[in-house]
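Visitor: One-letter residues, chain by chain:
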Amino acid sequence: MNLALSEANPVAMRTGVVQRLGSWWTGMNSVRSAVGGDFEELRLVGLSRHYGGALAGRVAALDRLTITVRRGEFIALLGPSGCGKSTALNLIAGLLQPTGGGIWLDETRIDVLPPEQRGFGMVFQNYALFPHLSVRRNVGFGLLMRGVRRSEADRRVDRALALVQLHGHGDKLPGQLSGGQQQRVAIARAIVVEPPLVLMDEPLSNLDAKLRIETRAEIRRIHRELGRSTIYVTHDQDEALSLADRIVVMRAGVAQQIAPPHEVYAHPANLHVARFMGYRNVIEFASAPRALGDQVVLARPGLTLTGTVRQDIQGPRAFAAIRPDELVARRMPSTGSLAGIVEGFEYCGRDSLVDLAVADGVRLHVRTDLPVSAGDRLYVTAPPERVLVYPPEA
Amino acid sequence: MKRWRIDPVVMLVAPATAFLVLVFAYPFLYGLLLSFRPLEGGWNANYVRFFSSDRLFPTIGTTLELALPATVINLLLALPLAYRMRVTSRYQKWVASLLVIPISLGTVMIADGMLTYLGPKGWLSQVLQALHLYDGPIHLTHNYAGVLLSLIISGFPFVFLLVLSYVTGIDPVLPKAAATLGANPWQQFRHVYLPLLSPGLAMAFCLAFVQAFSVFPSAVLLGAPAGPTRVISIAAYEAAFEQYDDSMAACAAMVMGLVQLAVVSAALFARRLFYRGPVVGGKG
Ligand SMILES: Nc1ncnc2c1ncn2[C@@H]1O[C@H](COP(=O)(O)OP(=O)(O)OP(=O)(O)O)[C@@H](O)[C@H]1O
Ligand SMILES: [Mg+2]
Chain D
1 MNLALSEANP VAMRTGVVQR LGSWWTGMNS VRSAVGGDFE ELRLVGLSRH YGGALAGRVA
61 ALDRLTITVR RGEFIALLGP SGCGKSTALN LIAGLLQPTG GGIWLDETRI DVLPPEQRGF
121 GMVFQNYALF PHLSVRRNVG FGLLMRGVRR SEADRRVDRA LALVQLHGHG DKLPGQLSGG
181 QQQRVAIARA IVVEPPLVLM DEPLSNLDAK LRIETRAEIR RIHRELGRST IYVTHDQDEA
241 LSLADRIVVM RAGVAQQIAP PHEVYAHPAN LHVARFMGYR NVIEFASAPR ALGDQVVLAR
301 PGLTLTGTVR QDIQGPRAFA AIRPDELVAR RMPSTGSLAG IVEGFEYCGR DSLVDLAVAD
361 GVRLHVRTDL PVSAGDRLYV TAPPERVLVY PPEA
Chain R
395 MKRWRIDPVV MLVAPATAFL VLVFAYPFLY GLLLSFRPLE GGWNANYVRF FSSDRLFPTI
455 GTTLELALPA TVINLLLALP LAYRMRVTSR YQKWVASLLV IPISLGTVMI ADGMLTYLGP
515 KGWLSQVLQA LHLYDGPIHL THNYAGVLLS LIISGFPFVF LLVLSYVTGI DPVLPKAAAT
575 LGANPWQQFR HVYLPLLSPG LAMAFCLAFV QAFSVFPSAV LLGAPAGPTR VISIAAYEAA
635 FEQYDDSMAA CAAMVMGLVQ LAVVSAALFA RRLFYRGPVV GGKG
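Top line first, the protein sequences correspond to chains D and R. In this text, residue positions in the first sequence follow my numbering: the first is 1, and each later residue adds one. In this text, residue positions in the second sequence follow my numbering: the first is 395, and each later residue adds one.
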């Protein structure tokens with residue numbers, strides 16, 4: 001099958017004889033990373049990266065990121081496209097020079113070191129596989145650079161390929177693999193040297209749903225087994241929630257919240273984080289909330305909500321954020337329930353996502369397992385501790 | 395019966411084909427046939443004479459001795475320079491323009507400049523003497539060194555531009571990936587750039603070699619055309635314009651083409667041993 005595939009592939013290319021001859025030679029040139037080894041903590045202090053002119057047009061791709069990554073910790077950088085996730089990763093790897101702040105590995109300042117002396121593994125967003133080397137030699141590259149013995153290297157490459165389910169593809173060139181297979185080669189190549197810190201830039205973005213969940217579990221398992229640290233970039237909140245010990249939610253280069261998954265999920269630090277974490281119902285109130293014990297009451301024409309303040313509110317405007325699955329829909333009214341008409345719904349199997357028009361101009365997204373059809377009247381209630389009240393976004 | 399029709403798109407190549415036939419194929423075939431119609435003797439008399447004469451046959455070696463080193467030296471000079479200049483910097487534009495200037499000068503102009511500058515009474519010799527650095531005579535013109543030097547100067551910009559375009563075509567994320575895997579700058583060059591550049595270098599070698607092999611003006615002006623730099627084109631020139639033996643001159647030209655073809659084929663064959671394909675590392 002292997003053979004048939006490579007024959008059918010128009011990109012059937014040959015790896016260089018000269019390269020093969022040259023491999024004996026590199027053993028003598030191997031460098032060991034100056035830092036490498038294990039560490040207790042990696043500290044990013046005010047790490048910044050600006051682009052553009054010295055004064056005008058200067059924009060921060062990453063603005064004063066400060067975080068301490070402990071040994072063995074799994075950190076997820078989560079945020080929308082262009083928010084500076086790759087920039088952060090490249091700064092840590094040493095592929096970009098910071099324009100402010102520093103990076104410390106225990107007591108050593110490492111932002112002055114070239115990438116090869118930091119010894120961190122990296123999975124690139126666009127794979128960056130060596131197109132002229134076979135899959136095996138791509139995966140074995142780091143071992144070759146470190147001067148690992150041939151037999152030992154072969155064994156470790158075999159194991160890494162098995163881990164990402166690519167045994168049997170070892171002799172192909174990257175150009176002969178599918179996008180998802182290339183991505184797995186990139187993962188294998190980064191972890192085979194067992195670096196103290198693995199940096200992963202959206203490593204699962206090109207896998208199908210099933211393989212994504214399998215590989216996700218695999219990444220988590222590898223992380224635990226090696227007992228090393230991982231910094232993982234993603235824009236998928238499920239991935240971040242399921243993998244990370246702590247999540248860094250980013251927006252326009254600025255870290256919005258750094259917290260464990262359950263906290264980011266249940267108590268987003270601001271409206272942006274709430275939106276990103278699936279609080280799909282964001283309702284604006286033009287008047288300041290009225291305090292009522294621990295809670296506040298928000299009112300607008302035809303709609304009154306009781307909620308919990310999550311962030312200091314200064315001005316006259318406030319927003320309430322509610323997850324669709326935390327609204328409870330019933331057929332009958334109850335105390336404090338809001339009446340609404342079903343405008344449309346998405347059937348999701350176990351339940352449906354219903355668009356409910358409650359007051360003029362306000363439409364709520366509600367998850368419910370009631371059988372619904374357009375025009376139905378439903379009554380929803382929201383637990384006050386799950387109605388999060390925020391000031392407007394900065 | 396089906397009528398034979400010409401795809402109109404095919405007609406687009408007609409002007410180019412006509413041009414090629416007129417200025418390349420026809421003169422080539424004419425010369426080929428001419429070389430087999432010697433002034434005296436059998437059909438292959440010219441070739442027999444060329445390969446047995448000690449005035450003609452050694453010109454092949456003489457030309458190779460100039461063209462091969464000039465090409466290799468140019469490649470060896472261009473590669474590190476182009477590699478250094480792969481990242482755009484403020485100076486890149488200026489350095490590139492400076493390096494490329496000789497391409498705008500003709501070989502004759504370069505030869506003339508070198509005669510003035512490097513000759514026995516040239517500026518270089520005068521400066522060295524004035525500074526009392528070196529008082530002996532300077533032998534950089536009218537010999538092998540002069541021709542080699544002029545071939546290097548006139549060929550370098552060409553090789554440099556070719557190699558620069560190959561170098562900048564390589565995805566810069568690849569050496570970065572190598573660096574995160576522990577490769578130092580030399581290893582990044584050795585394991586990523588060099589293998590990916592090799593096919594391009596082979597091409598640059600071919601083009602530069604063919605150019606250098608047909609050396610004529612500088613071999614006459616800067617060399618010793620009677621002896622050490624009596625290159626094959628001089629032999630052809632003498633046959634045509636001193637002995638009025640067009641047929642012999644055509645024969646020399648054919649031999650010249652044959653040698654070029656042999657060297658180029660060897661380089662292209664070597665190229666097959668390398669990886670040839672896209673030089674990017676991702677989902678393109
Ligand atoms: N070389 C550059 N010059 C100018 N701006 C840049 C440069 N590289 C990146 N940026 C900007 O920096 C910001 C952050 O980019 P970055 O690649 O880190 O985003 P990201 O979070 O990884 O996005 P994605 O999820 O799409 O990969 C973007 O707004 C981008 O336009
Ligand atoms: Mg990115």
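Keep in mind that a hint or two might mislead.
Said to hold, decoys possible - Computed beta-carbon distance windows for the label pairs:
#1 D:149 - R:528: 30 to 40 Å
#2 R:666 - D:210: 40 to 50 Å
#3 R:666 - D:162: 53 to 63 Å
#4 D:238 - R:477: 25 to 35 Å
#5 R:400 - D:179: 39 to 49 Å
#6 D:171 - R:419: 36 to 46 Å
#7 D:80 - R:477: 32 to 42 Å
#8 D:245 - R:470: 51 to 61 Å
#9 D:57 - R:477: 30 to 40 Å
Stated by the list, open to error - Which chain D residues stay away from chain R? Per the calculated CB distances, all over 10 Å, these:
#10 189
#11 299
#12 311
#13 384
Keep in mind that the hints were calculated from the coordinates and are not lab data. Being a predicted model, the structure only gives us computed values, none of them experimental. We treat Cβ as the ideally placed atom computed from N, Cα and C, and that holds for glycine.
Visitor: Run every hint past the structure and note whether it holds.
Guide: The hints, checked one at a time:
1. D:149 - R:528: 30 to 40 Å: With a Cβ separation near 54 Å, residue 149 (chain D) and residue 528 (chain R) fall outside 30 to 40 Å, so the hint is violated.
2. R:666 - D:210: 40 to 50 Å: Given range 40 to 50 Å: holds, Cβ gap about 41 Å.
3. R:666 - D:162: 53 to 63 Å: violated, 34 Å
4. D:238 - R:477: 25 to 35 Å: Given about 44 Å between the Cβ atoms, the range is violated.
5. R:400 - D:179: 39 to 49 Å: holds, 42 Å
6. D:171 - R:419: 36 to 46 Å: holds, 44 Å
7. D:80 - R:477: 32 to 42 Å: Holds, at about 38 Å.
8. D:245 - R:470: 51 to 61 Å: About 53 Å separates the Cβ atoms of residue 245 (chain D) and residue 470 (chain R), which means 51 to 61 Å holds.
9. D:57 - R:477: 30 to 40 Å: With a Cβ separation near 31 Å, residue 57 (chain D) and residue 477 (chain R) satisfy 30 to 40 Å, so the hint holds.
10. 189: violated, 7 Å
11. 299: Fine: 51 Å to the nearest Cβ keeps residue 299 (chain D) off the interface.
12. 311: holds, 39 Å
13. 384: Label holds. Min Cβ-Cβ 47 Å, cutoff 10 Å.
Going through the hint list in order, the structure does not satisfy hints 1, 3, 4, 10.
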